[in-house]
Amino acid sequence: MEGVEASEKVKRTTPRLCSLCNQRKAALRRPKTLEQICRECFYNVFEDEIHRVIVENNLFKPGDRIAIGASGGKDSTVLAYVLSELNKRHNYGLDLFLLSIDEGITGYRDDSLETVKRNEIQYGLPLKIVSYKELYQWTMDEIVKAIGLKNNCTFCGVFRRQALDRGAALIQADKIVTGHNADDIAETVLLNILRGDIARLSRCTSITTGEDGPIPRCKPFKYTYEKEIVMYAYFKKLDYFSTECIYSPNAYRGFAREFIKDLERIRPRAILDIIRSGEDFRISTTTRMPEQGTCQQCGYISSQKLCKACVLLEGLNRGLPKLGIGRKKVCSGEDQVQSKRHLENKALSFHGKHGNVEWKR
Amino acid sequence: MAVCGSACGSNCVPKDTEGEEGERLKRLSLEEESSVRRCTKCAEEEARKECNGLCAGCFRAYLYGKFKLAVTSNAMISPTDKVLVAFSGGPSSRVALEFIHEMQSKALACWDASNSQALPVFTVGVVFMEECNISDELSDQADDVIAQIRSIVSGLSPPSKDLHIVPMESLFSSDLRKLVGSINDATGREDFVRHLRMLSLQRVAFEFGYNKLVLGLSASGIARHVLSATVKGQGYSLPADMQYVDTRWKAPVVLPIRDCLEQELVTLCNLESLKHVQVHDKPCTSINGLVSSFIARLREDNSSREHTILRTAGKLKPFNFNKFSSNQYEYVPSRLRPKFQFIETGEPESPEVLCPICTSPLTATELATTRCSQQMKGLNIKEMEAFYLSCCQSCHFQILPKEETSMSCDGFF
Chain Y
121 MEGVEASEKV
131 KRTTPRLCSL
141 CNQRKAALRR
151 PKTLEQICRE
161 CFYNVFEDEI
171 HRVIVENNLF
181 KPGDRIAIGA
191 SGGKDSTVLA
201 YVLSELNKRH
211 NYGLDLFLLS
221 IDEGITGYRD
231 DSLETVKRNE
241 IQYGLPLKIV
251 SYKELYQWTM
261 DEIVKAIGLK
271 NNCTFCGVFR
281 RQALDRGAAL
291 IQADKIVTGH
301 NADDIAETVL
311 LNILRGDIAR
321 LSRCTSITTG
331 EDGPIPRCKP
341 FKYTYEKEIV
351 MYAYFKKLDY
361 FSTECIYSPN
371 AYRGFAREFI
381 KDLERIRPRA
391 ILDIIRSGED
401 FRISTTTRMP
411 EQGTCQQCGY
421 ISSQKLCKAC
431 VLLEGLNRGL
441 PKLGIGRKKV
451 CSGEDQVQSK
461 RHLENKALSF
471 HGKHGNVEWK
481 R
Chain V
356 MAVCGSACGS
366 NCVPKDTEGE
376 EGERLKRLSL
386 EEESSVRRCT
396 KCAEEEARKE
406 CNGLCAGCFR
416 AYLYGKFKLA
426 VTSNAMISPT
436 DKVLVAFSGG
446 PSSRVALEFI
456 HEMQSKALAC
466 WDASNSQALP
476 VFTVGVVFME
486 ECNISDELSD
496 QADDVIAQIR
506 SIVSGLSPPS
516 KDLHIVPMES
526 LFSSDLRKLV
536 GSINDATGRE
546 DFVRHLRMLS
556 LQRVAFEFGY
566 NKLVLGLSAS
576 GIARHVLSAT
586 VKGQGYSLPA
596 DMQYVDTRWK
606 APVVLPIRDC
616 LEQELVTLCN
626 LESLKHVQVH
636 DKPCTSINGL
646 VSSFIARLRE
656 DNSSREHTIL
666 RTAGKLKPFN
676 FNKFSSNQYE
686 YVPSRLRPKF
696 QFIETGEPES
706 PEVLCPICTS
716 PLTATELATT
726 RCSQQMKGLN
736 IKEMEAFYLS
746 CCQSCHFQIL
756 PKEETSMSCD
766 GFF
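Going down the list, the sequences are from chains Y and V.
Just so you know, our numbering puts the end of the first sequence at 481, numbered straight through with nothing missing.
Just so you know, our numbering puts the end of the second sequence at 768, numbered straight through with nothing missing.
Just so you know, the hints here were simulated from the structure itself, not pulled from any lab data.
Among the hints, erroneous ones may be present.
Derived Cβ-Cβ restraints for the label pairs, each shown as a range [said to hold, decoys possible]: (1) Y:R373 / V:S469: 32 to 38 Å; (2) Y:H210 / V:S428: 55 to 61 Å; (3) Y:T414 / V:N566: 54 to 60 Å; (4) Y:T405 / V:A398: 54 to 60 Å; (5) V:K732 / Y:A319: 55 to 61 Å; (6) Y:E378 / V:F527: 51 to 57 Å; (7) Y:R238 / V:K732: 53 to 59 Å; (8) Y:T134 / V:D530: 38 to 44 Å.
Backbone N, C-alpha and C define an ideal beta-carbon position, used for all residues, glycine too.
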């Protein structure tokens, strides 16, 4: 009896061992699988999974010049670090560069750019910075001043995408890699469902996009959890900038992000399940999908006559902040009923023969 | 008439407001001041706030119109059908019952009035599934609920409808409570009960000779299903459960109020004093509960979000079992028949392999894994193992026990 009690006591005070190597003490719980593992095993599984994703999806070939979209945030810093490591360890034979975009957000971007400049030295990767000011003659600060805080993320996202392509072209890159992680892609799948964007829904889970264009881009972190990236950066003591963009609180993506965080708490694998669903969606052949062409003004890829960046820029330069935002004027059925109801519920207005006259209540 | 446009701040009135125009303006302004809004459709009755600018009459007509369009354009109900309406007591299935009843009454009136009386009128039965003994619901509420259900169905004007009140556990030989209780995952438990419910409804339909099953699934219910299925990795099979018609079952399942929002149906119940059972919301720790509250938050932000979700999912490819086979269109008017016959001339698709638990079509990957394992094991495969292999990845994760222990449901499926 005594012996049993004694051994029970010993069990409780002995620290739990890593469930992978069974040698070292468990230091953390892996967010993806909830396994209790040691630091070294965590680094191994984290890096190994990314290596397998790169190999199984044929993301690179030897000799490729790769532009790493680097914002100074956790995702791109870890991406630069891990890619650099794996490039050496597994002899990918890649030429890696850091490509950073300066949107001109005072107090946010200028700070994170300092981080990227430090990364350039820490990882020994050449850095190229491209700014909105030189590309579009508008900084985000100026844009927000002109249009307010509701649709600013749309402007920034559209401009950044083009800026990355232009920057990559300047350094003669063959591919762009971005630090989009599993959480980001899951959020995007949900967002596209919520917004009715079937075209984007069909493309957003692809690990490589733009293969038929000049510079394809890929997401090696497609199956990597955001929590694990943070954990990796923390344990490895990597230098990154961790503040949220000062203009972002009103982004619609916030809804989806909150939902996913709650979901992860109940069922961690749900994030990967959302991505799997996104990959398995089959679009009905009767659905009209946009065709890819080129912008008549700047030659960038576009499904419309003018690319979104040109439309938005035109709106900014003409003082029409809503140009390119929201639905087009020509709408049918439900939209008309919606906008009609919207008008009804808004201020009282009387449709006179020559225009609207508003009545004060 | 001089116009200042909306930018004009002062309350200026155009010079020539005398005469007819002036009168109309004055009347309008008086009306606005007494805040009487007219229905945007008929412009006669008062618009109700909860009816999106319509009066009660037009609102009802709008919902019934959606129901009728769904039924006729999908040939949901034929004159010879014996239709079973699944009635949970909630507002959605209450409205479905009401509308089916109205459609039947109208058809009966036509039949009475017609000379030939060649085509019969479809018959309607109602089923209420009693589940309190399976999940942890308060059983003392159950008797109340049943009494209310009885009074609702008997309160419907003629033709009278058979009401079947069926305790779910009576339909299966296994101990359902124990079986459901053995599932560890809360979401898996809820989903399993849902699959049992469909099996039970089908058994009732079969036993009493019904050939169609009507579910009161609303657009909001479908929006919830779209997000839940996405979150569970069921993106491939998602379209199967949300179409107007589902012929995977002996009694095909039809969704006539698929295009109506839950909010609209609740409003209709309130306007017309349609008695329904108030279901108490239990605190939900499952994914289904999380999705429900997420959609509720989205709805507060934008009331047409559920419609958008439905529209997106509507662009996903349905399955070949999401339409009737050609002989079902016998009673469709000849002017509409070509529409249905066109569907048939598409290239024949190979039949989908379905998961035995949730009946969702298996993806190519799931099928490949199954076949590979089956080949490897060959004849050495045990019945339980074979069963496990034939299930989809979602049921595998959230319903099936981790070890292949002998479940008390041999021969269940």
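Status of each hint after checking the structure:
1. Range check, R373 (chain Y) to S469 (chain V): about 59 Å between beta-carbon atoms, so the 32 to 38 Å window is missed.
2. Between H210 (chain Y) and S428 (chain V) the CB atoms are about 58 Å apart, so this pair conforms to the stated range of 55 to 61 Å.
3. The supplied range of 54 to 60 Å is met by T414 (chain Y) and N566 (chain V), whose beta-carbon atoms lie about 56 Å from each other.
4. Remark: the range hint 54 to 60 Å for T405 (chain Y) to A398 (chain V) is contradicted by a beta-carbon distance near 43 Å.
5. Take K732 (chain V) and A319 (chain Y): their Cβ atoms lie about 43 Å apart, and the range 55 to 61 Å is violated.
6. A C-beta distance of roughly 40 Å is found between E378 (chain Y) and F527 (chain V), which places it outside the suggested range of 51 to 57 Å.
7. Checking the proposed 53 to 59 Å range against R238 (chain Y) and K732 (chain V) shows it holds: the Cβ atoms sit about 56 Å from each other.
8. Checked against the hint of 38 to 44 Å, the pair T134 (chain Y) and D530 (chain V) passes, with Cβ atoms roughly 41 Å apart.
Violated hints, in rising order: 1, 4, 5 and 6; the structure is consistent with all others.
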